[in-house]
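Read top to bottom, the protein sequences are chains A and B.
Residue 68 is where the first sequence starts when you use this note's numbering, and the numbers rise one by one after that.
Residue 4 is where the second sequence starts when you use this note's numbering, and the numbers rise one by one after that.
If you are wondering where the hints come from, they were derived from the structure by calculation, not from laboratory data.
Even glycine gets a Cβ: it sits at the ideal position worked out from N, Cα and C.
Among the clues, some could well be false.
[To be verified] To be clear about the criterion: a stretch of chain B counts as covered by chain A if any three or more of its residues have a C-beta under 8 Å from a C-beta of chain A, and this derived list gives those stretches:
hint	segment
1	129–136
2	150–159
3	247–255
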Amino acid sequence: MSVPSPFAGPGPDAEYRRLLAEGRFCIQRCRGSGRYVFQPRVLSPFTGEPTLDWVEVSGRGTVYSTTVIRRRPEQGGDYNLALIDLDEGCRLMSRVEGLPPAEIRIGLKVRARIARDRENAPILVFDPAESA
Amino acid sequence: MSGIRGTSAVVGIGLSTRWDAPGRSALELLAEAVHAALADAGLRLDQVDGLLTGTAVHFMPTLSVAEYLGIRPRFLDGTMIGGSSFVEHLIPAALALDAGLCEVALICYGSNQRTASGKLVSGSEPQPYEAPYGPRNPITGYALAAARHMHQYGTTRRQLAEVALAAREWARLNPEAFARESTTIEEILAARMVNDPLSVRDCCLVTDGAGAVVMVRADRAADFPKPPSYLLGAAAATWHRQISAMPDLTVTAAAESGPRAFAMAEVVPADINVLQLYDAFTINTILFLEDLGFCPKGEGGRFVEGGTIAPGGRLAVNTNGGGLSCCHPGMYGLFPLIEAVRQLRGEAGTRQIAETELALVHGNGGQLSSQVTAILGTAATL
Numbered sequence: 068m069s070v071p072s073p074f075a076g077p078g079p080d081a082e083y084r085r086l087l088a089e090g091r092f093c094i095q096r097c098r099g100s101g102r103y104v105f106q107p108r109v110l111s112p113f114t115g116e117p118t119l120d121w122v123e124v125s126g127r128g129t130v131y132s133t134t135v136i137r138r139r140p141e142q143g144g145d146y147n148l149a150l151i152d153l154d155e156g157c158r159l160m161s162r163v164e165g166l167p168p169a170e171i172r173i174g175l176k177v178r179a180r181i182a183r184d185r186e187n188a189p190i191l192v193f194d195p196a197e198s199a
Numbered sequence: 004m005s006g007i008r009g010t011s012a013v014v015g016i017g018l019s020t021r022w023d024a025p026g027r028s029a030l031e032l033l034a035e036a037v038h039a040a041l042a043d044a045g046l047r048l049d050q051v052d053g054l055l056t057g058t059a060v061h062f063m064p065t066l067s068v069a070e071y072l073g074i075r076p077r078f079l080d081g082t083m084i085g086g087s088s089f090v091e092h093l094i095p096a097a098l099a100l101d102a103g104l105c106e107v108a109l110i111c112y113g114s115n116q117r118t119a120s121g122k123l124v125s126g127s128e129p130q131p132y133e134a135p136y137g138p139r140n141p142i143t144g145y146a147l148a149a150a151r152h153m154h155q156y157g158t159t160r161r162q163l164a165e166v167a168l169a170a171r172e173w174a175r176l177n178p179e180a181f182a183r184e185s186t187t188i189e190e191i192l193a194a195r196m197v198n199d200p201l202s203v204r205d206c207c208l209v210t211d212g213a214g215a216v217v218m219v220r221a222d223r224a225a226d227f228p229k230p231p232s233y234l235l236g237a238a239a240a241t242w243h244r245q246i247s248a249m250p251d252l253t254v255t256a257a258a259e260s261g262p263r264a265f266a267m268a269e270v271v272p273a274d275i276n277v278l279q280l281y282d283a284f285t286i287n288t289i290l291f292l293e294d295l296g297f298c299p300k301g302e303g304g305r306f307v308e309g310g311t312i313a314p315g316g317r318l319a320v321n322t323n324g325g326g327l328s329c330c331h332p333g334m335y336g337l338f339p340l341i342e343a344v345r346q347l348r349g350e351a352g353t354r355q356i357a358e359t360e361l362a363l364v365h366g367n368g369g370q371l372s373s374q375v376t377a378i379l380g381t382a383a384t385l
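Construct the entire structure; sequences and hints are all you get.
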């Protein structure tokens, strides 16, 4: 049986979305360097080779930066947008739910959850992590 | 001597200062600026044989501009790295002139963003890993950077407001600036929040307008009517495209482009007489002062306190009023370049910085994504 080419078939973007739809939050880890990568890619930026494997991750992270995007109440009101540093060492954009937007602070410990957007597509959001 | 130091010079500059131009298209505004730049250089349109341009409204801007102007350039460049593109265009223009690929290089840009949309919105394609969270690009990325800078270094909203106030005070000395009403720190701080911690007064203007610059080889630069502004150093750098991919939101790739441009120019920050920094948002000025070596990392907020960069301050920054108060037609890169040339020529009127020999122009594009530093000087600096 031949090994499938990393360049054939649906790519890493599609695979990320497929895993998310299955309820699994996975990111890629570089086989060569052991480092995690986000966004999903074909080539590892650390080796320049297709050395990326999917790994289901904890979803634990920390708010790296945050903003309140102001919006008129009739359009849905203010909302949060944040950059999250995953414990695995990479960063992504998301939002933190479960707190008023202005109360979300840099340094807040958070945990990933797969929610559904208005079109019922899976979307990764974060909740404040329960204090230990 | 390294790279392209001193091999080319700007000999013509032109603007369309119709910052609010209902009924005028981007190309119509651009043509006015081109006409002014060529007149400034004493050249005719049919002498232009190198074209470097970009717009936010054309798929193939270089072709649309060449056709509209009615020229057949033999050197084309349409590098699109956001608002810094037109500072970056200095590099291929200098290379092409030096190699004899063209004799007269025209860098030009026009926009009717204000009358077309009136909003500070990006024309960019949505980023798949960011768009679902509703960023208001470009503002959101800069708000995230400002929030992180405040968290890490204690930078305050009042310090951001100092940047906006300094820009306005410069604009009040510039009869061509769009926003010239007097203001105060308190007024700026009381403005409507857009993306915390940035208010509407931390954001650049949304105007129409256009700019154009004519470059030639240094060996013929002295043959034109105006004193040449020689390109001494220029460098571009990029570390990310999306704000979520920026390695450290408090350090831009200006920390790389700046040192490379200084090394090529064979000067240091203390030598620079006037700085024109791409101030799409107040945090930009603070980040670039740090990253370009005018103050230590993290000190930018404290550095700008008390009018340091305002008229009469220790360091002349954004003497035209900047993107915050002079103009910001979608992409701003050509306008700080044109102001730098005016300062080098001594044409800046009541805002002129005496004995200006060296000017730094810094372009920014995307969400702090592309950084381009250029250093220009008078003949005395060659």
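Verification of the supplied hints:
no.: 1; hint: 129–136; verdict: holds (count 5)
no.: 2; hint: 150–159; verdict: holds (count 3)
no.: 3; hint: 247–255; verdict: holds (count 3)
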